[in-house]
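Colleague: From first to last, the protein sequence lines stand for chains S and R. Mapping the first sequence onto the working numbering, position 192 (from 1) lands on 192, and the numbers just tick up by one. Mapping the second sequence onto the working numbering, position 251 (from 1) lands on 251, and the numbers just tick up by one.
Honestly, the hints are just simulated from the structure, not real lab data. We put the beta carbon where it would ideally sit given N, CA and C, even for glycine. Hints are not guaranteed to be accurate.
[Stated by the list, open to error] Calculated lysine-lysine pairs in the PhoX-like style (CA-CA distance at most 20 angstroms, straight line):
hint : chain 1 : residue 1 : chain 2 : residue 2
1    : R       : K316      : R       : K276
2    : R       : K291      : R       : K316
3    : S       : K280      : R       : K132
4    : R       : K276      : R       : K162
5    : S       : K34       : R       : K9
6    : R       : K132      : S       : K160
[As the list claims (entries may be wrong)] Distance ranges between label pairs, derived from CB positions:
hint : chain 1 : residue 1 : chain 2 : residue 2 : range
7    : S       : P154      : R       : N89       : 45 to 53 angstroms
8    : S       : E177      : R       : D33       : 32 to 40 angstroms
9    : R       : D33       : S       : N235      : 25 to 33 angstroms
Each chain is listed here by its residues.
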Amino acid sequence: MRIIVASDDFDQVFQSDYFIGRVHSVFNNVMNLKINDEMLTIGNVHTSIGPKTALVNENINFSDLKIQQNMVVKKRNNEILIEELDIKFLYQPREIWNSSPELDYIKVSTDELHYKLNNLERIIFANGDPDSISPIVFDLRSDFKWLADIETYPTEFTDKHMNFIVGRIKNLLNAVEKDLWGDVDDLAKSVIGFGPGLTPASDDFVLGLMTGLLYSGRNYMRDVELYQHFVKLINGRTTDVSYEGLVNASRGKVNQVIKEAALSILSNCSTEVMTDKVDKLIKIGQTSGTDILTGIFIGIKLNVHKGEF
Amino acid sequence: MGVNYEIRKNTYYDSVTLMLISKDISKIEGVNDAIVGMGTDLNKELAERIKMSNDEIKAIAANDFFISADLSDDSVWESVIGKLNELLNKKASENSMDYKPKSINSALTYQSDSNIAIISVPGEYAAAEARKALDEGLHVMLFSDNVSIKDEKDLKELAYEKGLLMMGPDCGTAIINNVPLAFANVVNKGDIGIVAASGTGTQEVSVIIDKLGKGVSQVIGTGGRDLKEEIGGISMMQGLDALIKDDATSVIVLISKPPALDISKKILEIASKSPKPVVVDFIGGDYDMIKSYGVYPSVTLEDAARKAVALSKGEKPVDFIGFSKSESEIESMVQNEVDRFDSKQKYIRGLYTGGTLTDEAMKMLGSDFGCIYSNIPLDPKCKLGDSSKSIKYTCIDLGDDEFTQGRPHPMIDPSTRAERLILEAEDETVAIILMDFVLGYGSNEDPVGEMIESIQFAKDNAKKRGQYLCVVGSICGTDKDPQNLIESQMKLEENDVIVMPSNAQAVRFVKKTIEKIG
Chain S
1 MRIIVASDDF
11 DQVFQSDYFI
21 GRVHSVFNNV
31 MNLKINDEML
41 TIGNVHTSIG
51 PKTALVNENI
61 NFSDLKIQQN
71 MVVKKRNNEI
81 LIEELDIKFL
91 YQPREIWNSS
101 PELDYIKVST
111 DELHYKLNNL
121 ERIIFANGDP
131 DSISPIVFDL
141 RSDFKWLADI
151 ETYPTEFTDK
161 HMNFIVGRIK
171 NLLNAVEKDL
181 WGDVDDLAKS
191 VIGFGPGLTP
201 ASDDFVLGLM
211 TGLLYSGRNY
221 MRDVELYQHF
231 VKLINGRTTD
241 VSYEGLVNAS
251 RGKVNQVIKE
261 AALSILSNCS
271 TEVMTDKVDK
281 LIKIGQTSGT
291 DILTGIFIGI
301 KLNVHKGEF
Chain R
1 MGVNYEIRKN
11 TYYDSVTLML
21 ISKDISKIEG
31 VNDAIVGMGT
41 DLNKELAERI
51 KMSNDEIKAI
61 AANDFFISAD
71 LSDDSVWESV
81 IGKLNELLNK
91 KASENSMDYK
101 PKSINSALTY
111 QSDSNIAIIS
121 VPGEYAAAEA
131 RKALDEGLHV
141 MLFSDNVSIK
151 DEKDLKELAY
161 EKGLLMMGPD
171 CGTAIINNVP
181 LAFANVVNKG
191 DIGIVAASGT
201 GTQEVSVIID
211 KLGKGVSQVI
221 GTGGRDLKEE
231 IGGISMMQGL
241 DALIKDDATS
251 VIVLISKPPA
261 LDISKKILEI
271 ASKSPKPVVV
281 DFIGGDYDMI
291 KSYGVYPSVT
301 LEDAARKAVA
311 LSKGEKPVDF
321 IGFSKSESEI
331 ESMVQNEVDR
341 FDSKQKYIRG
351 LYTGGTLTDE
361 AMKMLGSDFG
371 CIYSNIPLDP
381 KCKLGDSSKS
391 IKYTCIDLGD
401 DEFTQGRPHP
411 MIDPSTRAER
421 LILEAEDETV
431 AIILMDFVLG
441 YGSNEDPVGE
451 MIESIQFAKD
461 NAKKRGQYLC
471 VVGSICGTDK
481 DPQNLIESQM
491 KLEENDVIVM
501 PSNAQAVRFV
511 KKTIEKIG
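Whole structure, please, built from the sequences with the hints as guidance.
Modeller: Here it is as structure tokens:
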């Protein structure tokens, strides 16, 4: 198997003289490796590139390769090797993907942004997964003036689950809206790790929220500082896989599908292109895509409301 | 009852699997509530809040998987663990039998090799769902109605651009690769392909083909508006083209109400160039005009089926305008009925569940009786002012929108027709009730049995006032359908219903009888 695309931060790890690590987790389309305390991902052709990720050129199912958790992974010459199974990934990337956030896009006009956000709301309404956190967030429209005009749809969460989380999300959004950053620390901790998924629904929402705020805001450096502080506080409160995603997102580094969706909303591209990009995002995982997109939507709405777009 | 739980340390499952586990475990009988997930602080706190935690669960870490359940009986736990293991051991693609996806995207996640989507959602959402399916490269059968003409046109153009079939909106019948979809009968596989803008019309033709010992290759529905000028017959032309190219098809049948003239010419132009024989039933269409294109026009749905079968056998097709029984037998049956009416009785009441069968009946009864009143009349001046009240010669399509708003189609729930039959039978001028009984997938599990009580009641009421009520019907079904064809026919005959082999023969019989009454 040959690795044909790698992100710059994956490449940086690979280019070190030597590394040894272990298999962290294995799924059909991806395999996560834990190397020098960093989580790296190798994905198949169905996976989109993202931070610390490399893609092979084959439609392989990693679960079928009998790769087990904790198997040793090494670098040998230009290969990543799982010695126990004699599985080799030849590292020959034809493309090194830039994982940095793209913030030098031409911003869409405010009127056009409103139009796009209305469309986005409809897309989430029509195509979003009802098992996601999205209906709970949209149901907060009576609590926030800037959400007053949105529609909501029925949630699949039980009352017990919903009652548990809804107040926490409301408090988080209230703190972000009012720049109560001291409170955000505690509130974020009270939100992270809710939901059955490997990347819990609330984590995906927060990942999207940070992305929406960072990409649409005016003060990247300040925001990154705040978010990096925030993710330090949630270490150990969620799964490794989800935490890694949040750490990357706190610096504006997200999967290409998420990046393209955010840019398609905020930049001067057509609604058709936006619909296409957003549709690709919504398809990620079971509810992850909907949760992330809801976070992006809320992040942008918040910045528009605060006059920071 | 204590907390039942399972912990799997440092174990990861993808989100799709976890969501499926969460949903399926909650559905097990005896499970009052369940929490499934990774041991994050919040999930543990939630478990505690809803009283499904214990010391072991409190001690797990974020990368540990856990399930905790509140059960009405501890013995249910074995089923929970069994289900959990079953789901975890299955590959995602194998889960599709248990999994009812909520969206096309989820469905494709589970069954990525699907190539057709059947869509049945309220009309206002239907176009968006169909567009999603087409964008995913799926052929579409859109069962929903109430889709705007513009959306229909856009969807069909999109499908055409992508080389996909867009069947519908309002497409109720198709058989693709021998799989009946929606309202369809179980028929033999064969070499006759059908493209149709009609539901029950298609069922009637495919059933008769089956009864005559042949079978169908594909049945492609187009939706009832496809041949209107605004749509342009896009689906019928695509379907026709597909069947021309299909190696398994040697004879093609086209079925529709008479199309707009320009569309009719376009379709016939393509049909005329087909290397395979094409039988056309544009119900009530111009026979000579159709014939002038070198295709085979038919006079009824049964005739279309018979011609297709003849062509499939390499025989010369001829018009079928008679009966399966001999002329003398039919004459004797007619006379027997006529002798039982009194002088007041002279009218027909057609109570149909199928729209195309209603059309066919009205077309065949023709203008000899003046107006054939209907809720879907052939001539606008014969439209019933109030569809709930019949006048003289009336044929009602009880499957039309006005009768199905807020209640199931009469092919599914025969109660509307049962009530209507009793009402019609109270009219002393009525001589004959004409009915269809449609079997097959989608239909009521016993459409005949459901009507028997009201047939008996109607006949008894007529008898009490010294009259005889004649009921004539035809069964659109095969001996392979989920309902029992033979039993259905016996039930009707035991209750003094005259059962004819096709709708066309039933109408012909009724017409002869009424003519004989004079």
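Colleague: Determine for every hint whether it applies to the structure shown.
Modeller: Each hint, compared with the structure:
no.: 1; hint: K316(R) <-> K276(R); verdict: holds (14 angstroms)
no.: 2; hint: K291(R) <-> K316(R); verdict: holds (15 angstroms)
no.: 3; hint: K280(S) <-> K132(R); verdict: holds (12 angstroms)
no.: 4; hint: K276(R) <-> K162(R); verdict: violated (26 angstroms)
no.: 5; hint: K34(S) <-> K9(R); verdict: holds (17 angstroms)
no.: 6; hint: K132(R) <-> K160(S); verdict: violated (34 angstroms)
no.: 7; hint: P154(S) <-> N89(R): 45 to 53 angstroms; verdict: violated (32 angstroms)
no.: 8; hint: E177(S) <-> D33(R): 32 to 40 angstroms; verdict: holds (34 angstroms)
no.: 9; hint: D33(R) <-> N235(S): 25 to 33 angstroms; verdict: holds (31 angstroms)
Taken one by one, the earlier hints fail for this structure at numbers 4, 6, 7, listed in ascending order.
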